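Protein chains: 4
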Amino acid sequence: MFDYTPYAGLPETADEAKKQCVLANRILANEHVLDGYGHVSVRNPETGNTFFQARVVAPEFVTYDDMLEVDLQANIVTKTDFRAYGERVIHAAVLKARQDVFAVFHGHPHEVVAFSTTGMPFRSLGQFCGMFWNPLPVFDAYRSGSGMLLSTPEDGAELARALGDAYGIVMRGHGFTMTGNSVQQMVMNSIFLRDNTKMQLMLLPAPSAEIRYLSEEEGRGTEKTQYSDISLGRCWKYWVARAKKAMPDLGDF
Amino acid sequence: MFDYTPYAGLPETADEAKKQCVLANRILANEHVLDGYGHVSVRNPETGNTFFQARVVAPEFVTYDDMLEVDLQANIVTKTDFRAYGERVIHAAVLKARQDVFAVFHGHPHEVVAFSTTGMPFRSLGQFCGMFWNPLPVFDAYRSGSGMLLSTPEDGAELARALGDAYGIVMRGHGFTMTGNSVQQMVMNSIFLRDNTKMQLMLLPAPSAEIRYLSEEEGRGTEKTQYSDISLGRCWKYWVARAKKAMPDLGDF
Amino acid sequence: MFDYTPYAGLPETADEAKKQCVLANRILANEHVLDGYGHVSVRNPETGNTFFQARVVAPEFVTYDDMLEVDLQANIVTKTDFRAYGERVIHAAVLKARQDVFAVFHGHPHEVVAFSTTGMPFRSLGQFCGMFWNPLPVFDAYRSGSGMLLSTPEDGAELARALGDAYGIVMRGHGFTMTGNSVQQMVMNSIFLRDNTKMQLMLLPAPSAEIRYLSEEEGRGTEKTQYSDISLGRCWKYWVARAKKAMPDLGDF
Amino acid sequence: MFDYTPYAGLPETADEAKKQCVLANRILANEHVLDGYGHVSVRNPETGNTFFQARVVAPEFVTYDDMLEVDLQANIVTKTDFRAYGERVIHAAVLKARQDVFAVFHGHPHEVVAFSTTGMPFRSLGQFCGMFWNPLPVFDAYRSGSGMLLSTPEDGAELARALGDAYGIVMRGHGFTMTGNSVQQMVMNSIFLRDNTKMQLMLLPAPSAEIRYLSEEEGRGTEKTQYSDISLGRCWKYWVARAKKAMPDLGDF
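Going line by line, the protein sequences match chains L, R, V and Y. The numbering of the first sequence is our numbering, which starts it at 859 and goes up by one. The numbering of the second sequence is our numbering, which starts it at 859 and goes up by one. The numbering of the third sequence is our numbering, which starts it at 859 and goes up by one. The numbering of the fourth sequence is our numbering, which starts it at 859 and goes up by one.
Just so you know, the hints here were simulated from the structure itself, not pulled from any lab data. Fair warning: this is a prediction, and the values are worked out from it, not measured in the lab. Each hint should be verified, as a subset may be incorrect.
Put simply, identical chains are the same to the list, so a pair is met inside one copy or across any two.
[Claimed, not checked] Listed below are the simulated DMTMM-like cross-link pairs for lysine to aspartate or glutamate, each with C-alpha atoms no more than 25 Å apart in a straight line:
1) 1082 - 998
2) 1103 - 889
3) 877 - 1110
4) 1056 - 889
5) 937 - 874
My request is simple: use the sequences and hints to build the entire structure.
Okay, here's the thing in structure tokens:
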């Protein structure tokens, strides 16, 4: 049931990238980071300047046949009548601005939405989520009349500018957008930001001056160990095995 | 497993309305908004002045054969020995007072019961539940000796007056009653009010003056996007697919 | 799947009492009120002065064949090598002191253990758990060296005295003991005390002076509606149906 | 489904120790104390100075064939290409320093990671987790550049010194390491420390001066009752039965 082969690095074919995109959707739904809304994208390794993303469907039920190819201006490349996510502009803009990014998440776990309204920084409390030692930027420049959604290429570009070179960006009263230099890292970052935020909420009633967040030295150290092939591979295979157990239709996907 | 067809709008037949009523019961139990108590109603589109509701049964186990037809004076139209919910008077009164309402929810999720006793307003913290930017009215006029239940047509009318033209009304120490101009909107409103309240509870220990609720401008914007056909349809199909997975007896209902 | 027959009142045979005892164990485990520890008892309606209880086994896995008969001095009546719960003295003493009681619960849900250490009263926040409008007594007279367990008939008698004529009694740092004039009422009281305590914990950070607990008038009213045959029957059948779905080995028990 | 045989005491063969190690991994994953990370170890009763532990794999999916044998200097004894956990040095050092210890846990439940950053003591709130009446030591001497991981024999020895003769030790911003004089006691201690910490978090907003923790007298009493054969055996068999129900691949392991 558990796959013991070492972490294989980035996919080299479009087909493999699409399969990882399906798994990422399923994993993030199974771990309760995505619900009816939200989406992920994976860069096409064969082109470099297009990406894969599901058509409009809840992540828990995404299949291989739902995959659309989109370019970095957010145009749909696939010839299809399928409906694409309006917020694909976020993914296009981030993948355009950040050549180091291979995969992008956008979603709305309740813990992050709630904490984002407090004005308090998102900071690492633990080794496993030490990559967030440097508080994440927070976006709060919604266009008037937008319903707090980002739907134009300009909206996407504005978010990408605010993201800068951070791993991710919190969106006040909305959710967060997260990156990874692989699908595995994007999934780990997304799950662990949710988990770290859950821990920050647990501690809201504690005397705030006493709380020991990770120091920069500690945080930088954990990035090395958490993003090692052995750690990324182990987590990914754990999440895949759990998703396959909960979602028998995945088969030996 | 996921149904990709567009949102179909209101049902045109009594049969289809009854089926949506069964699904709404199952979805709201599956998403933990209804437990052993609580009920939903759906207007009969063929008459306009009667509605469907289950006989006395826990929502998680409602079937098509449990459906009763009730009129807007809360009289049971169906010839049957089935026992009807005493609080059907709430549904009758709201559907009578509000011609714009097609479906009504009444239930008691713990989060809402608890928060209703604090005297604090129910207000939107996030984009996805932005329809509650305008704090919901709170009902607290229980008849002496009623056991805090509404069981007469007069009780129902009093609640409907307090509801006014809001989406829903919180009932202090009891739960809430919610409306929708479709079954899909009633289900979304009910789930998202529970979720928003859960987030408000998470933030009870945070410095309250710092919390950023949605502004009126933001809230009005989210109503447009959240209630769009694409958004309503996607969520409904997500909740239906989850309910069918958890409740195999639904089959291809 | 749902049993629509009306509430049948107290069992008249020992066999039926034993079956209700098995179901109560399974329900309270399935609803997360009992874990590896804890136990329930049901008076034998054929004798009046003996009761049924499982041998030492986790409640989630209790079967009909585990039933022991015990008298009100806590002697084991059944000829058997089975090991009995040490704390059966609680059940014996309560069933001896309270002729109005037909069934007893003793368990340790985390919410109640935690809240019991705060010195704050256990009071009703909602209609559905309105039977606790009158704060429950709290027991804190553990014998030195007892490990906070009640294991002698004298320990049991002391608890029964502290219980008085209340529905139940909280045990500081330990859990609670609950009664019912039927198995159905005992199960409802046990689940709803846990739920009410969960809500009290949710509100710990709220301004305590503002919280509106149920008044005596409201609480007394809810006792009538919650303990009606229609309400007790509906809840019991809901919990039975859920337990049977989660525990297929129960069959059509 | 439930195993009624009395608690059998320590395993006498390497084979039985390995089987208990598999079950401990599965139980601690099933009860949400271990996630993708974390590991347990069981002393080899045939040698006394080696122990069993899984190769690199998520605990939820550990099988008998994953077992490695490791010595107390953390050298891998088994001839294999399998990859071993880097933090096996913790297990080696504790089993070397503490001849009374038969099994060791190391993991990172969110509740413990969060609470460990507050500087507040970990103390017993309830009878069932009364073994923690004496606040656990807290480790906070991470080597610079270590990423807060313990990966050398010296790191392990330092932790073992800080542990002293306590049941376990909390690691600030990381998790905890727990011991037992049997696999059953190690599992109980690990689950109940997580549970006690969950209760401490529930009470963070309560007036702290009013909270009644267990006294030394109460705590020492609960150690006797909780660690009795009857109590350890009942809990272990409960957790085994639950794991087997949730993980059918365990069969009649």
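How the hints compare with the structure:
In the homo-oligomer, the alpha carbons of residue 1082 and residue 998 lie at most 25 Å apart only across protomers (20 Å), although the nearest pairing inside one protomer, at 31 Å, exceeds that limit. Taking the shortest Cα distances, residue 1103 and residue 889 sit within 25 Å of each other both inside one copy (12 Å) and across copies (17 Å). Taking identical chains as interchangeable, the C-alpha atoms of residue 877 and residue 1110 lie at most 25 Å apart only when both belong to the same chain, with a minimum of 11 Å there against 28 Å between chains. For a Cα distance limit of 25 Å, the shortest separation of residue 1056 from residue 889 qualifies both inside one copy, at 13 Å, and across copies, at 19 Å.
In this homomeric assembly, residue 937 and residue 874 come within 25 Å of each other (Cα to Cα) only inside a single copy, at 20 Å, whereas the closest approach across copies is 35 Å.
Taken one by one, the earlier hints all hold for this structure without exception.
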